[in-house]
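Just so you know, the protein sequences line up as chains A and B, in that order.
If you count the first sequence from 1, you need to add 1288 to reach my numbering.
If you count the second sequence from 1, you need to add 586 to reach my numbering.
Think of the hints as simulated: they come from the structure by calculation, not from any bench.
Note that the Cβ used here is the ideal one computed from N, Cα and C, for glycine as well.
A few of these clues could be false.
[As the list claims (entries may be wrong)] Which residues of chain B face chain A? A partial, calculated answer using Cβ under 8 Å:
1) ILE681
2) TYR686
3) SER1114
[Unchecked claim] Ranges of calculated distance between the beta carbons of each label pair, as one might list FRET restraints:
4) A/LYS1410 with B/GLY941: 49 to 55 Å
5) A/GLY1503 with B/LYS739: 52 to 58 Å
6) B/GLN1023 with A/LYS1410: 57 to 63 Å
7) A/ASP1506 with B/GLU1002: 48 to 54 Å
8) B/GLY941 with A/ARG1704: 46 to 52 Å
9) B/GLU716 with A/VAL1366: 17 to 23 Å
10) A/GLU1297 with B/ARG763: 29 to 35 Å
11) B/PRO1123 with A/THR1575: 38 to 44 Å
12) A/MET1289 with B/GLU1002: 40 to 46 Å
13) B/VAL720 with A/ARG1570: 56 to 62 Å
14) A/ALA1413 with B/PRO1123: 53 to 59 Å
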Amino acid sequence: MLLRHTPKEITDRKILTINPAKTCQPIGAMYAALGIHNCLPHSHGSQGCCAYHRSTLTRHYKEPVMAATSSFTEGASVFGGQANLVQAIDNIFTIYEPDVIAVHTTCLSETIGDDIPQIARKAEADGKIPPGKYVIHVNTPSYVGTHVTGFAGMTKAMVDYFAESAGKKINQINIIPGYVEPSDMEEIRRIAEVMGVRTVLFPDTSGVLNRPQTGKYDMFPPGGVTVEALKSTGNSQATIALGQLASGPAARALDSKCKVPCEILDLPIGLKATDRFVDTLRRTAGTDVPDTINIERGRLLDIITDMHQYFYGKKVALAGDPDQLIALTEFLVSIDMWPIHIVSGTVDKDFQARIKEITQYVPHPVNVGIPGDLFLLHQWIKNEPVDLLVGNTYMKYISRDEDIPLVRFGFPVLDRIGHGYFPTVGYRGGMRLLEKILDVLLDRQDRDAKEESFELVM
Amino acid sequence: MKAVKEEPNALGIETVDPDEVKQTLLAKVPTKVARKRAKQIVINKTGEDPEVPEIGANTRTIPGIITQRGCTYAGCKGVILGPTRDIVNITHGPIGCGFYSWLTRRNQTRPAGPDDYNFMTYCFSTDMQESDIVFGGEKKLRTAIQEAYDLFKPKAISIFSTCPVGLIGDDVHSVAREMKEKLGINVFAFSCEGYKGVSQSAGHHIANNGIFTHVVGLDDAVKGGKYRINLLGEYNIGGDAFEIDRILEDCGITVVSTFSGNSSYDEFANAHTADLNTIMCHRSINYVAEMMETKFGIPWIKINFLGAKACAKSLRKIARYFEDAELIERVEEVIARELPEVEKVAEEVSRRCEGKRAMLFVGGSRAHHYQELFAEIGMKTICAGYEFAHRDDYEGRKVLPFLKVDADSRNIEELEVHADPERYRPRKTAEDMERLQSEGFRFKDYDGMMPEMMKNTLVIDDISQHETEKLLEIYKPDVFCAGIKEKFAVQKSGIPMKQLHSYDSGGPYAGFRGAVNFYREIDRMVNSKVWKYIKAPWQESPELTARYACD
Ligand code: SF4
Ligand code: SF4
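Extracted from the complex, chain B is given alone in its bound form (with noise of 0.2 Å):
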């Protein structure tokens, strides 16, 4: 039998001009259409020019164009309060927006013990009906309210607006004054209405608000540990946060609350009460960061923990940040424990990995942070792009005091935050946290992902479907990385494609452990056979031989 043909060895970023590629991507849309495509599409440029190009983000989505975008109650009730355990989440809205958030994110969460509660298999819904948009749907929602609290005396109860709630008017948070009031439990609303904003990431800013409204800040007990951080935008995605807990535990640091993953609300309210901040994916969470340090004085460090190296790097950070020895030894013991089997792992995948090519259209901080995965097994990333990303987390914050506020992000309300009299207690002293800095310590920063990323790649803001198939045509790249809507048009193109949003139920991949997770995984996904079957033996020499045939 004939071997099974290699594919071709498909084109890299070395053999094929961005340029035409960029106007391939363009070709086929309408002129004005192209036009801000054009914007959001760029060439990226490292190097000896210290600046990489700017990228048009966080823009209207264009209508028709099939955008994998979603809407501001996703980034919301879905992103960032979905992972909270312990709070009964009500939708109020109609009854589809409750349903296709329920369960669908696969963050994990472990109640302590069997009598915990753990609501986070449940779907709320006040299931409004027309009478409801015709009339109103604030009785009804005072009705739900009631309802789950005699059924479930939860500690908290939320309310999530959903697209038509807004448009009627409901008063959500007068509701929910009023059954806090009523019931003597902490009852709080978003006006997380799906138009608002231009995707997900305008919901991450209005729950951080919420969040820190109504939770943080009300139980000011400092509990145990002598290095209490915060872990920011970590949202345990397959158990990315236990097994990041693991590691922190082991070096001593104490987890006073995770934004958002295996959460309860206790956590929430006692976060004030850390030392340190941590943001892992800065989009979604940079909001409560800053609020926490105007407020209480905590500064804010950007970590990551994708990545054995960028895992170990982002320990040293934290125990630098502490600036005790003990601290230091502790952090170095563990990364020389943890860090030889994950690259002995590295290593052995690499030797089948190399230079295979992977592109990455994914969220707001995962294609940058997927990268250095990517990397650790000799892969490249050719491509890569958010879905609902600002330019800062393109271009790194330096871009932020020239970024233009539209009407779009007008309407996301800005918190006016100060310091608070009783409670603000700067963490380090202003000598400090200067000594520091010029030592190349660097608080409240993020470079963002392209300057990592090689010359002439290319940076695509809001992918399209269209876009998407002629990428993978032109570049043909051995993984492809994004959610599940991209997922099998992919895969139908006989190229692997890997979810970063949902994993495909695989992972951990953050930490040590998780790194090793993902490169077996990656190892499993570019070198598999199962990939070669396509073509049958006779559609791949159809030529007759012989006739065995009986006429």
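So here's chain A without its partners, still in its complex pose (with noise of 0.2 Å):
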């Protein structure tokens, strides 16, 4: 066994955090700063944060993940980091030739309280910032919030830093796409496009950590969100975020900084709350939803219909962000499947009433943890087995002790391709899903069935 020693008996832990389901703020920061074009990510503080965080997002997308460091000893521990980071400015900007240093903190920094933005300003006057290139930061303190947190926060650092209202309102819409994978992003804006609407994505990983082989290594590629065009959001008509924790601050910045209005929804992962999408989408452009859409729904619903019988009444453990959580409960319950224990270590105050409102007509009791951690949901698995997983790869190991299936899902997969290509959003991203839920669903039932009750028509 594995986690040989995850007890079936819980018992009462109130400090000791075991496998998390979650990871610290400066991965997500990262992780949206990659999704401006012409970008740097910079870490300020420790070399070592910044090497884990690269070497986990390179991991999970098998690319290029380009990112410095302030590389503090001990001596910048005690007199703060300031000569670092001016120094790592002029390298960066000398060597690398970003338009934009997109900062961020670590536990490090945050404890001596080194102040970004005067830094920055230092590094300015000190002419070590080229006319024309910016740097903007976010504080990423790993002692509070989780990766949701950096992510959301550098996302409303773009905003912070370049949002610009002209007066006058220009016709395009605002989408942020919230903590989703590349492929993701690239099918919102699709969809966007498909119907018509002149949108502004940010952040925007695709084209930068969904390359192609080309023979030629570029530091930045053609993807990410332009500075200009991260400017004219002030102007947008509206903002459409998805994802209340990735993507609401950064909308709500949006709104009182210049006026645009916005729309919270949910991640749109699944039918129910890609309809929502695509309907605000529809509402807030005035233009109608093609035909195009409407086949794509359609057939996920075929789907859903004509395998109904799989997915009816199975049992599902679910661990990860809150946003993705959120929507892929109602996703699963829509199509009759029970997730039962449900666990995230990202806070989120809502979370609960939603999970329960979402789950109230689920007929079995559901476990929700959060914060919780992967420890707990396992032990919550030996007590009341479930016939399927969805979390990140750190799941295999309790889907092998456990010999459950396992559909990989979230943040970090490490072990799988796909997720930089192929969405889980949209209708197209749930048919995905559900492709890669029935396949492992009856992937076992072929494993385990009776030699005379093999199917061959399913």
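From these two lone chains plus the hints, build me the complex, please.
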């Protein structure tokens, strides 16, 4: 057994986190910053954090992930990291020539209390920031919040630093896609395009973290939202933000800074959430929904109705981030699956209530652990087994020990490909999710069937 | 259809002027930085000139340069203690550091039975919150240790401090002492905050000190075996230690403990009963070897099981140390049995790999050891360097007396170790040691990487992303070896990249069978057709010869 020390009996545990279902703020900030065109993320702290964040993102995407660090040593930790950051800014603009350096802090620089804007001003005064180039920042102390908070913070920083209002609205809508994969961002943009809506999508990691093999490496690939586009967000008609936690802060900031009204929706995962997204987009932009979208919706629904027997009554355990879990739980419930154990390491004050509401007609008690960890989830599963696991790669240890199939979803997925290229948002993303779920459930049925009841047609 | 064009034969070290390359690498960087980097980029000299040039190493990383280095915590918890399966390793700090070091290094472990401890699949963290940063985290740490004890009843619990812990002044060592007393099991802590030192290397040293102080020597029982050694600096990535164990066992050599691949707490406690310390990775573990020699009288030698020839040489060296005819004979039998198969594959693979060129920028010993494997299939190493090594790993231990102790190294405690009044037992008499040495046997010696590299090769310490890209452009090597952070940028340049930290889920590469795996892996990589598909047919020949389009 891989997790041989996890007891079935659940005892009181107040402090020790075991097998976390979250990680720290800066990695989310780094991921978001990679969604700006010509931007180099910078980790202001000791170099280990940066190395860890780059490694984890690289393992997840199997793509280059570049970021710089202030490389604090003991001295910087005592006297502050100003000299380190000023030097870093100089080196980065001289050697790598990005348009933007997106600084995030770490536990170390936060504990010291480094003032990033002040240091950036110093760098500017010293002539280390070439004209037309930017240093933006977000504070990401990891002893507050999680990777989701860091993502939300860097996305908000894009608004704080760049959004401008010229007083005259232009014919475009901002979409803040949330903490989703490059493939998802691409899909959200495609849906808007198909509907004929002009959008600014930010951050946008598509084309950055799912790049083609061209035989030529460019540190700054064509993808990412441009500074110019970010500036224009203040003049957009409206903002549609997907995911309360990841996108809410930026949407609200844009509203208060530039008076761009916002609607904050769930991530468009599954039929109903995608319906709400498409409908909101339609209403906000005043367009019709074209047939292409109707056909996609019809296909997703077709899979649901045709294969319903395999979903019905199947118990599921989930772990991940609140924005994802809310949409995913709703999707599973909508096809009559029973999500019964749900865990997130990220605290969201509305989460418990939302999940209770979504699962109110599930004919089974539902455990919600927030903040919770994978150790707790595993204990719940030992007490009340499930048919399916949905979560990141770390769940494969539970999957193997308990012999329960796993659909990989969320962050990080370290051992499979696909998430960079194939979305799980929108109707087409819903189809992909269902295909994945059916694959593992039916494979399991095939594996376990008696010879006489081994089915050819399913 | 037109055949796919071969890339023009790229440049080798014979045709490139290394001085010019060096200038290119430094051309774009600010002057002050260039001055510092110039010391860390050296053109190798060997041959008639006995002294390899001096290299700048183990110095501060330049902020903003895009380094591949990690931190002290990673070196301590991730590298040295991580591979041990039965200690509950609690990361004291906010969640990230513990999360990222959870199972990511591929250290394989094999508990003896289904009921034996194995905590390697777990991540334990105190998950510090803001209030802990303000009011201190000691109380939380105490409770975390208690909860871990209540749940798992382990033999030992260790604590790893991350950056904020040092700053807020938590006394992790006194908490450990207190809980050790209370629980009656071994509890010990490491002050391995990420900002200490200039790289992972500081963390290795801190880990060595801690394990030596708190665990080595706790169990004096001399267990069986005639030739008893410790294997130091072998982390069982991809099962390397399993393969080495297989060979040693065949030779009749007993491995008392491995630091720290597939290791257990009890092995560490018993390590001082061995009669010889053998060191694989000199950088990460030489401290423990030195301290064991001073305190318990165990001599150490440098060995290397990467490369079939190196492996055979190392086995002979161990046998020679024990000066036992039976062992010497047994070792020769094992080599005679294993080597032909390996040589057969090497010869076959060489036919396709001969003359191809590799670059290695990794670790504190791997960039050196893997050159052996490349050489065995006729490949040349044209540039190499370490991430976190010191000058002795490059130039050899002869430079040790001349190393400058700077502020960063001074921060890492040097333990004062004395001979143990009861347990110090020289494994060989002074005369025997001297005789062996006069016969050419070398104790506590390591020549470093540079003397074994060709003249005019470039040796670069703590290579930056910018320098990496320039090197790839200039030399277009056939394979580039480094870590995960470099992997895909290199591959996007159309050059196959082999990870030598994690082996890309491959391995083992150590020992005889490992050598075969490595030859085959490199053969696969440097001779694969998949790299030739980059250009689509219409990019290869864009000219239009006929038009079928309906206007
Ligand atoms: S916080 Fe410090 S200990 Fe943790 S990863 Fe960063 S540098 Fe390393
Ligand atoms: S938790 Fe803090 S110290 Fe650790 S990796 Fe994250 S930012 Fe760095």
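Are A/ALA1413 and B/PRO1123 spaced within 53 to 59 Å by their CB atoms? Since the Cβ atoms of A/ALA1413 and B/PRO1123 sit about 55 Å apart, the hinted range of 53 to 59 Å holds.
Holds or violated: 57 to 63 Å for the Cβ distance of B/GLN1023 and A/LYS1410? 58 Å, holds
Can you let me know if the beta-carbon spacing of A/LYS1410 and B/GLY941 is within 49 to 55 Å? 53 Å, holds
Falls inside 52 to 58 Å, the C-beta gap from A/GLY1503 to B/LYS739? 56 Å, holds
Just to be sure I understand the hint, the distance between the Cβ atoms of B/VAL720 and A/ARG1570 should be within 56 to 62 Å; is that true here? Given a distance of about 49 Å, which is not inside 56 to 62 Å, the answer is violated.
Pairwise beta carbon distance, A/MET1289 to B/GLU1002, judged against the given window 40 to 46 Å: Holds, since A/MET1289 and B/GLU1002 (Cβ atoms, about 44 Å apart) stay within the stated range.
Cβ distance range 38 to 44 Å for B/PRO1123 and A/THR1575, holds or violated: With Cβ atoms ~40 Å apart, the hint holds.
Range agreement (Cβ of B/ARG763 with Cβ of A/GLU1297, hint 29 to 35 Å): 31 Å, holds
Cut-off 8 Å, beta-carbon criterion: hint that B/TYR686 touches chain A: 4 Å, holds
Take a look at whether the Cβ-Cβ distance between A/ASP1506 and B/GLU1002 falls inside 48 to 54 Å. 53 Å, holds
Let's test the interface hint: is any C-beta of chain A closer than 8 Å to that of B/ILE681? 5 Å, holds
Looking only at beta-carbon atoms, does the pair B/GLU716, A/VAL1366 fall within the given range of 17 to 23 Å? 22 Å, holds
The structure shown violates the earlier hints numbered 3, 8, 13.
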